[in-house]
Each structure stands twice: as structure tokens, then as C-alpha cells.
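Just so you know, the sequences run in chain order U and X.
Per our numbering, the first sequence runs over residues 1 to 267.
Per our numbering, the second sequence runs over residues 1001 to 1400.
By construction, these hints were calculated from the structure, which means they are not laboratory data.
Treat the hints with care, as some may be off.
Simulated crosslink set (BS3-like; lysine-lysine; CA at most 27 Å straight-line) [claimed, not checked]:
no., chain 1, residue 1, chain 2, residue 2
1, U, 120, U, 164
2, X, 1323, X, 1072
3, U, 120, U, 146
4, U, 12, U, 202
5, U, 75, X, 1170
6, X, 1170, U, 239
Nothing here was measured: the structure is a model prediction, and the numbers come from that model.
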Amino acid sequence: MSRLAAKFAELKQANRKALIPFITVGDPNPEFTVPMLHAMVAAGADILELGVPFSDPMADGPVIQRASERALAHKMSLRKVLALAEEFRQTDKKTPLVLMGYLNPVEMLGYQAFADAAHKADIDGVLTVDLPPEEAAECVELLKEKGIDQIFLLAPNSTEGRVKKMDAVGSGYIYYVSLKGVTGAGHLNTADVEAKLAEIRKNTSLPVGVGFGVKDAQTAKTVAAIADGVVVGSALISKIEENLANPQKAKDEIVELLTSMRLAMDS
Amino acid sequence: MTDKYNMPDERGHFGPYGGMFVAETLMEPIRELNEAYQRYIDDPDFIAELDADLQDYVGRPSPLYYAERWSKALGGAQIYLKREDLNHTGAHKVNNTVGQALLAKRMGKTRIIAETGAGQHGVATATVAARLGLECVVYMGAVDVQRQALNVYRMKLLGATVVPVESGSKTLKDALNEALRDWVTNVDNTFYIIGTVAGPHPYPAMVRDFQAIIGREAKQQCLAQVGRLPDALVACVGGGSNAIGLFYPFIDDTSVKMYGVEAAGDGIETGRHSAALCAGRPGVLHGNRTYLMADDDGEIIETHSISAGLDYPGVGPEHAWLKDTGRAEYVSITDDEALEGFHALTSMEGIIPALESSHAMAYAMKLAPTMTKEQIIIVNLSGRGDKDMHTIAQREGIKL
């Protein structure tokens, strides 16, 4: 069983939901990332999404765009993200790691080399925003050989046919984008999300994580009540951005926010 | 129109290039768009309306003009110019915006968005939106807003909202990113008019089909005026819409050579250029796989060209395919050479070309003398130079 499948099984057993924080690796600097990841696990994170910075993050709102720009200013790259993941793994062999980013850095590395490198770094899942299942066959196959899950997105306008497609091609979990828009946008509508999740669950038994619009303990609690996992990204990165002169303070505030989310989700 | 060549396949692939590399939220809108496009492109009512607009609103057919004095001075092949500069709004861009706007209307969309580099596509989009009474938002890199102030003003006069994009390199690619973000947020009522043969399927094929009027007319006009097909076609390539528009109807005519001219900026060797096909490598950006300017880590490299319309790190996927198959040849022209082309056409023929088109002129100046006087080159004069007066004056140290 993959680490992701095992994690969701364990959570289900304990009647808990997955808390899945996302940060852009290398933001605000490369030294910040690994200690931050460990601190997030200590604060109650179940799965970590590692944002791979890209020069043209088309699906991201301004907060994650700027995080990418800051990381790239430190010459962060897919290779370096994998090196930092390996560093994290030296002291944490349990927490599933998911790479989230765009396709072009993977294309430049080559799919086979990427699958090998991700395997070496002990990565558990890959979510490539601009790689829909229609174009993903080759990449999915190579990752599968290495035991790495390919995670796909579903959106409010995804049809039943697409849910079936994701169920067939994807593994690990499904990332449901709660609203039409970019990361960090707007407010999610709980009733809409709940209705769509019910539709999605008719056609897949994969766990469903919900992201876009999770901002605080209250929204985390609301989403946890209806989904299998709660993804939070922009709200954490905002803490980094608000404390660029003081990364320690950013770290403390991220820990504080995640702790409050964990508490709210479990209560 | 082409009997043998039948690219792309039904999922938008030109060999390994093209495709649909977008986030999930855009999969449904591009499916919906493709369905509408496939339905209407063969619909007699749609075609009749499009043809009427192209004739009466755009002013087509555009002339095929024999540049006799310039040809004689160059002493080689005879040069004919396809006068897209004479279209309404001053460039070939309007051929596509008229088509996509009619599609938007039939799909019941009430809001139009577009990206623009030089501003020509933005103006052409604002123009058709004004005519159809549709809301229009144009995304434009902040750097381009500065260097194409006149076109920004034109768009505003036409009722469009121009949004300067401050992210990344603040040029065309960033405008495209921002337009995609808008589209993903407003998919229900919004139609995204992409200005070039890039983006996810069906855009590369659809924009090509709307621009192919250039090549269809050029072919007929050349046969009527000269009695035979040309020997070579020359067009500038940024994203590549004017080039594919000219090339496409000639693809099966293998005696006709095709030259796409990219922007070499300060020179390919300096790294400050926009020549994705000549000096880039395959990758994925903006919804399709194609040649790109990217570094070893896959990050997109900032591009440079004196011409804002060519300042783009990718290129249409069909050009990538035509390059790999050898059907078209891609070459590059520096900023300085483009300026020579600009002045040559202006002084020899009394036609002031756009800086983008000047790249094609500059290559024609190199190519013509290598050919015989009996041979014919058609050069696509894709736009007029009015918008570039400020850039050129500044470059040459003249205060206006």
C-alpha cells in the first residue's frame, strides 16, 4: 500500500480528516523549507504538498505567484526541491510528500529521469496542474512503476465522465478545487462543495481533499466535515509574505494557524 | 483546403506538439469551445456572416502588391507583398478576432477577454467587442503598456478595459497567464479570444483556420496576376498566426518554400532574443507542447525583441511540427536588421511596415538576391507601422 493510501486508511480508522498544508519550496529562502515542513508535521499536518516554483504559474493567484518569484530568486528548481525533500526524509520516514507544480520543469528533466529522481527522494505523490489525464498516460505509467501516485484535480465544472476518468487514472487522492478561479481566491460555498462531493463519490472511492478558499480554523472545520482532507496554501504563504524580514515569526504564525485548524477539525 | 496534410488530430496534436495542457477547470470550457468551433466552421450561415464581415468590415480581400522598385533594387526574385496592413485596425489580427467574436456571440457569451503584446490583437479584439456590444477586458504586460501607449489609448477609446500585468517579465507571456487566470475565474460568461496560434486545442487550429484567408487569397491572386504559384513565402513568427495564415493553404504545394522569421533581438548568441524555433527546445507552456525559450530547469527565459508582437517565449505548435518535418524553414533577424528592412520598404515603396513585419522584410532582402529574377516571393506585410513611430524615433535618437 502506498504511503498516501496507508495514511488515509489510518485516518479513517481514527475518524479523522487529513490536514494537508501547501508551501512553495524555497520561499522565502531555501533554508526555511525543511525546518518548516517538520514544524508543520508537529503541528498536526498529515500530508505535505511541496510547491515546485515555476516562472509562469497560470493557475495560481497573486500570493502563490509571488512565493514562486521569491523562490526562483534563490535559484530554486525541481532538482533542488527534490534535494530538500530528501533532506526532510532523513528524519521523517512517515509523512507522505506530494509534489505540486507545473509540467514544464518535468518535461525539461524528462519523464523517466523525473520518475527516477522522485523515487530516489522518496516522494509519494505528484500533482501536475497543467497535465490533465488526456495528456498524462506516459507520465502516470512511469510514476506508477516507481510506486508514486499521480493526483489529479477535479473542479466544479468537471462532468461525471471526468470523475470516472480521474478514478481510472489517478491514485492517492483527488484534489477538488472548490471554486472556479485561481488559488487564494474568494470564499468557498459549503453547500455547493458538499453537493459536488456527493456527485464525485458516486464514481470514485478515492479520498477527496478540498482546496482553494480554506483560510482559517472555521473553514478548515467546515471542509473537514464534508471532505477527506483539507488543503491550505495561500493562507500559510500569506504569513511568510507578511513577515519577510522575520522568517522565524512567519514560521511561528504558520504553526499557530495549522494548530488551530487541527484543533477545529478534530473537535 | 489541404488534401494531404490533415493536422492536428482530434485531440489537437501536431505530432508530439500541441495538445490540451490546462488545469481541470479549463477542460470543460475548451471542450465546449471545440464543439462550437467544429459545428460552425462548416455551417453555411456562419461562413456567410464571416465572409460578409471580412469583406465589408475588415476590407478584404487585401491586395497582393508587386513591389517592383524594391525587387529591382535587390536584383533577384520578384517580391509581392500581401497587404494585411491595409485591413481595418492595421494588421492581420482582425481576421481572427472577427471570427472568434462571431463564435462568442453564437455561444451566448457576453464578456470577451484577450491578451496582447504589441496591442494589435488587443485593438482588434476591442474593435469587434465594441461592434457587437460585448464587455471587453484586455490584459497587457506593463512593459508593453509603456512601449505601445498609442494602442492602449485606442483600446480604451473602443471601450475596453486595459489591465497592465505586473507579474513576471511584464510582457506578452505574462498577459497570457493573467488572461488564463481571468478565464478560469469567469468561465461561465466569458469567451477568451487568443490572438495567436498557441494555447490549448482548439485554439492553434481555430486561429489558423480564421487566418488562412491570407494564404487562400494570396494563392488566387498570385495565380491571377502571375499565372503560377510563388517560389517562396516569407512571414514573421512570434506566436506565428500571420505566418500560418499565409503558409497553410500552400502546405501541399511542395514546390513553394516557406520561411518563418523569428526575432533574433540583439543576436541569437547574446541570449537576448525571442527565437524559440531557432534557439529553443520543446516544452509545455500555455496549454500546448511546442518549442520554448526555457532554461535547464524548465523556467521560462525572459525574451527580447524590438518588436513587442514577437516578444514571446513560445511559438504555435504547428510551426514546431513544420520545423521538425522540414516543410518550413525558420530563420531569424536581429533588431538592427529589422530596422534596415523597415527603412528599405518605407523608402523604396512608400509603405511603412510594422516592426514585426519588418523582420519578414529584412529576410526577404537577404533571400531575394539569392534567387533568380524569374522567381517569386510573397512576403506577408502583416501590419502597418503607425504604432511603432515612437519606438523607432526613440531608437534612432529622435525626439517627437
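These are the hints, each one checked on the structure:
The hinted pair formed by residue 120(U) and residue 164(U) fails the criterion: a straight-line CA distance of about 31 Å is larger than 27 Å. Straight-line distance between C-alpha atoms of residue 1323(X) and residue 1072(X) comes to about 31 Å, which puts the hinted pair past the 27 Å bound. Our distance criterion of 27 Å between C-alpha atoms is met by residue 120(U) and residue 146(U), whose separation comes to about 9 Å. At most 27 Å may separate the alpha-carbon atoms for a hinted pair to count; residue 12(U) and residue 202(U) meet this at roughly 18 Å.
In summary, the hint linking residue 75(U) to residue 1170(X) is supported, as the alpha carbons are separated by about 20 Å, within the 27 Å threshold. Between residue 1170(X) and residue 239(U) the alpha-carbon distance is near 26 Å, which keeps this suggested pair within the 27 Å criterion.
Going down the numbered hints, you'll see the structure goes against 1, 2, while the others check out.
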